[in-house]
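Use these hints to put chain L onto chain Y, whose structure you have.
Chain order of the listed sequences is Y and L.
Here the first sequence is numbered in this note's numbering, starting from 1 and rising by one per residue.
Here the second sequence is numbered in this note's numbering, starting from 1 and rising by one per residue.
Please note: incorrect hints may appear among the correct ones.
[Unchecked claim] If you want the footprint, here are the derived chain Y segments under chain L, 3+ residues with CB under 8 Å:
id, stretch
1, 162-175
2, 245-256
3, 294-300
[Unchecked claim] Straight-line alpha carbon distances no greater than 27 Å define the calculated BS3-like cross-link-like pairs of lysine-lysine that follow:
id, chain 1, residue 1, chain 2, residue 2
4, L, Lys102, Y, Lys160
5, Y, Lys102, Y, Lys155
6, Y, Lys169, L, Lys155
[Stated by the list, open to error] Calculated from the model, a selection of chain L residues having no Cβ within reach of chain Y, i.e. all distances over 10 Å:
id, residue
7, Arg12
8, Asp49
9, Leu76
10, Ala142
11, Asn170
12, Leu188
13, Pro190
14, Val201
15, Glu297
16, Trp326
17, Ala344
18, Pro361
Just so you know, these hints were derived from the structure itself, not from any lab.
Predicted model, so just to flag it, every value in this text is computed and none were measured.
Note that CB positions come from ideal geometry on N, CA and C, so glycine has one too.
So you can see what is in the structure, the chains are spelled out below.
Number of protein chains: 2
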Amino acid sequence: MSAYTAYADLYRRALLDDVIPFWERHSLDRESGGFFTCFNRDGSVYDTDKFIWLQGRQVWTFSMLYNRVEPRPAWLAIARHGADFLRAHGQAPGGDWYFSLKRAGQPLVQPYNIFSDCFAAMAFGQYALAAGDQAAAALALATYHNILRRQDNPKGPYNKAVPGTRPLKNFALPMILCNLTLELEPVLPPAEVDGAIDACVKAVMRDFLDADRNQIVENIAPDGQRVDSFEGRLLNPGHAIEAMWFIMDIGQRRGDQRLIDQAVAVTLSTLEHSWDNEHGGMFYFLDRLGYPPQQLEWDQKLWWVHMETLVALALGYALTRQPACWEWYERVHAYTWDHFPDPAYGEWYGYLNRRGEVLLPLKGGKWKGCFHVPRGLYRCWKIFESLAAAQAQPEG
Amino acid sequence: MSAYTAYADLYRRALLDDVIPFWERHSLDRESGGFFTCFNRDGSVYDTDKFIWLQGRQVWTFSMLYNRVEPRPAWLAIARHGADFLRAHGQAPGGDWYFSLKRAGQPLVQPYNIFSDCFAAMAFGQYALAAGDQAAAALALATYHNILRRQDNPKGPYNKAVPGTRPLKNFALPMILCNLTLELEPVLPPAEVDGAIDACVKAVMRDFLDADRNQIVENIAPDGQRVDSFEGRLLNPGHAIEAMWFIMDIGQRRGDQRLIDQAVAVTLSTLEHSWDNEHGGMFYFLDRLGYPPQQLEWDQKLWWVHMETLVALALGYALTRQPACWEWYERVHAYTWDHFPDPAYGEWYGYLNRRGEVLLPLKGGKWKGCFHVPRGLYRCWKIFESLAAAQAQPEG
Chain Y
1 MSAYTAYADL YRRALLDDVI PFWERHSLDR ESGGFFTCFN RDGSVYDTDK FIWLQGRQVW
61 TFSMLYNRVE PRPAWLAIAR HGADFLRAHG QAPGGDWYFS LKRAGQPLVQ PYNIFSDCFA
121 AMAFGQYALA AGDQAAAALA LATYHNILRR QDNPKGPYNK AVPGTRPLKN FALPMILCNL
181 TLELEPVLPP AEVDGAIDAC VKAVMRDFLD ADRNQIVENI APDGQRVDSF EGRLLNPGHA
241 IEAMWFIMDI GQRRGDQRLI DQAVAVTLST LEHSWDNEHG GMFYFLDRLG YPPQQLEWDQ
301 KLWWVHMETL VALALGYALT RQPACWEWYE RVHAYTWDHF PDPAYGEWYG YLNRRGEVLL
361 PLKGGKWKGC FHVPRGLYRC WKIFESLAAA QAQPEG
Chain L
1 MSAYTAYADL YRRALLDDVI PFWERHSLDR ESGGFFTCFN RDGSVYDTDK FIWLQGRQVW
61 TFSMLYNRVE PRPAWLAIAR HGADFLRAHG QAPGGDWYFS LKRAGQPLVQ PYNIFSDCFA
121 AMAFGQYALA AGDQAAAALA LATYHNILRR QDNPKGPYNK AVPGTRPLKN FALPMILCNL
181 TLELEPVLPP AEVDGAIDAC VKAVMRDFLD ADRNQIVENI APDGQRVDSF EGRLLNPGHA
241 IEAMWFIMDI GQRRGDQRLI DQAVAVTLST LEHSWDNEHG GMFYFLDRLG YPPQQLEWDQ
301 KLWWVHMETL VALALGYALT RQPACWEWYE RVHAYTWDHF PDPAYGEWYG YLNRRGEVLL
361 PLKGGKWKGC FHVPRGLYRC WKIFESLAAA QAQPEG
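So that you can see chain Y by itself, here it is in the shape it has in the complex (with noise of 0.2 Å):
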């Protein structure tokens, strides 16, 4: 069995064998509806909060499953299940998303956080595909209109900031996009979908990256510029290297392949820059001029960021057979499967602290859910099976 297909096996039973099932398990609330998302390490709830983010990537992860693993009926009925809670509750009059509901659905936190709607937008079209529900995808579709007109000011009444004194553009939104349109693809307008691909790729690729360091900065002036501020200065690397894969989807969907060498650029020197020589794992946030982060889990090393990362490597080494992707890739393999699963109680630790040792014993909370383990464990699955079946193909 080769490299390539051992890990293959690794990330598929992962999936099917170990993290979904967890899932499966311990998250449905059938008395309520939707999703329990706060895990203690071994399974069992200590909150019933319903959030919105989480909600809706949980819907998503088992209509993706549904549509692109296997249909298997239970997955769809998981997928449904979240569905029919998000339509009942979710929804501020007008349409915007709430942040976070309490169990039964009756509303928290108001619609502040414009990421809720856009895993909202994920689910319902994702899940539209998997439940063939005409209904699911034009609520995807308002629902990314709502996203587009809202961008320019995201937090709405929400926003502290004074308008004028130092204007700020975000990289988040931008960069969820990048992913979102292509999501979304099977339910917009054709006409629409490459124009915003072309703005998201102008944003990522042009606006935010800082080529002379090919760094991505979080924050940037409106024209673009630099800010020496601790929003301009905040480098947040698992989200950078988490975007450069969503640029190599849209570099193999168009054939780019500079564009494809680009964001495998851009991965491997935020690797470079944010990996922790002492006792390894990547960062959490950084400062680029090297000064005191203000966020003070700045050390910490936490489980999305390692698993997209994972995602980057594995793909950008699939598309431009580079030794650096694999070099690394093999490094944070052996960190990311050393320190985050837990073979006792299943899953994965989501937070440790720099030195790798559990810094919070929780299997889900209010940011932690069924979405970048599983999407991660997909995603790899698949990028290793496809690398085995080229080295069975006899070369050139």
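Showing chain L alone in chain Y's frame:
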């Protein structure tokens, strides 16, 4: 020399020979007015934004030193330097205080945070006494009344909670008002003072105190019930203990030994619960049911938590002579003085990881200014001075 005298000496020297000179040397922005607060380890400035919390707190500190230690003209000039900047730029139309300004005073972040107003009121109250400035006294009073007017919805339009679903009262404002009311006594109409203090003491010692556990909870329902949610489970031990010395001050002012004893009991039980038996030091956040807190920085060791605990223990010991206060004092003293001061460059580190290693090498930042360290050093100096004086007198 008795232990009390030695401690009094240690605190006086740290205040007058190290900490205050650090701020005198590095913090004055002679070009644009106000204070720099973001310092690297060596005192060099890494960010020039002006945070109203920290501008106000430094005006308070230098005014307090002038009023209580000695009337050095240089201290009054520094207080005036900050007060003039605050008066010129700090308030939004309507009188609420901004959260932050750019270096030259342009408003950056809206008045979403009522503690900006609290520290502005504290600043101008103390400055009014130092400068004999009636306009400053009037500004302190107007700001105080504005805080009381806003106290039921301190975040105003920036409050993201959907009204009615899970109303919560937060501990921070009543806690600060305990201290602020005593601070402003010289400028407040006498009729107001007692009623305001009664309300604060009731809030802190009845509403937010879980008497069964001698534990202060950060957020409660309007009727005083405990709430089982992330916010409702949150404990902030440093906050609780800082509030306890505010309460001891009130107890001393009122000659209420029962109130003092109760505050000491809460201090000790909070310490028992939040002390890190593995690495020493006090945790920053805990969940009262033992679940994973939402705050990723939960296990870090912060300067202000330890400084405020030293004040509470020294004062609690001076007022009750309980051996447990002294034992805890010695333990927290050893940890604090071993870990926070930086003999090489002066002042104190602010943020240590769980093991007590420096997490951020800053001496000042967005939240650490010229306040907790000098205020705590001053209070401990004076408490040990009075303990030494009492010891020097023959008993009985």
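Hint check:
{"no.": "1", "hint": "162-175", "in the structure": "holds (count 3)"}
{"no.": "2", "hint": "245-256", "in the structure": "violated (count 0)"}
{"no.": "3", "hint": "294-300", "in the structure": "holds (count 6)"}
{"no.": "4", "hint": "L:Lys102 <-> Y:Lys160", "in the structure": "14 Å, holds"}
{"no.": "5", "hint": "Y:Lys102 <-> Y:Lys155", "in the structure": "22 Å, holds"}
{"no.": "6", "hint": "Y:Lys169 <-> L:Lys155", "in the structure": "24 Å, holds"}
{"no.": "7", "hint": "Arg12", "in the structure": "30 Å, holds"}
{"no.": "8", "hint": "Asp49", "in the structure": "6 Å, violated"}
{"no.": "9", "hint": "Leu76", "in the structure": "31 Å, holds"}
{"no.": "10", "hint": "Ala142", "in the structure": "22 Å, holds"}
{"no.": "11", "hint": "Asn170", "in the structure": "15 Å, holds"}
{"no.": "12", "hint": "Leu188", "in the structure": "31 Å, holds"}
{"no.": "13", "hint": "Pro190", "in the structure": "38 Å, holds"}
{"no.": "14", "hint": "Val201", "in the structure": "31 Å, holds"}
{"no.": "15", "hint": "Glu297", "in the structure": "4 Å, violated"}
{"no.": "16", "hint": "Trp326", "in the structure": "32 Å, holds"}
{"no.": "17", "hint": "Ala344", "in the structure": "17 Å, holds"}
{"no.": "18", "hint": "Pro361", "in the structure": "6 Å, violated"}
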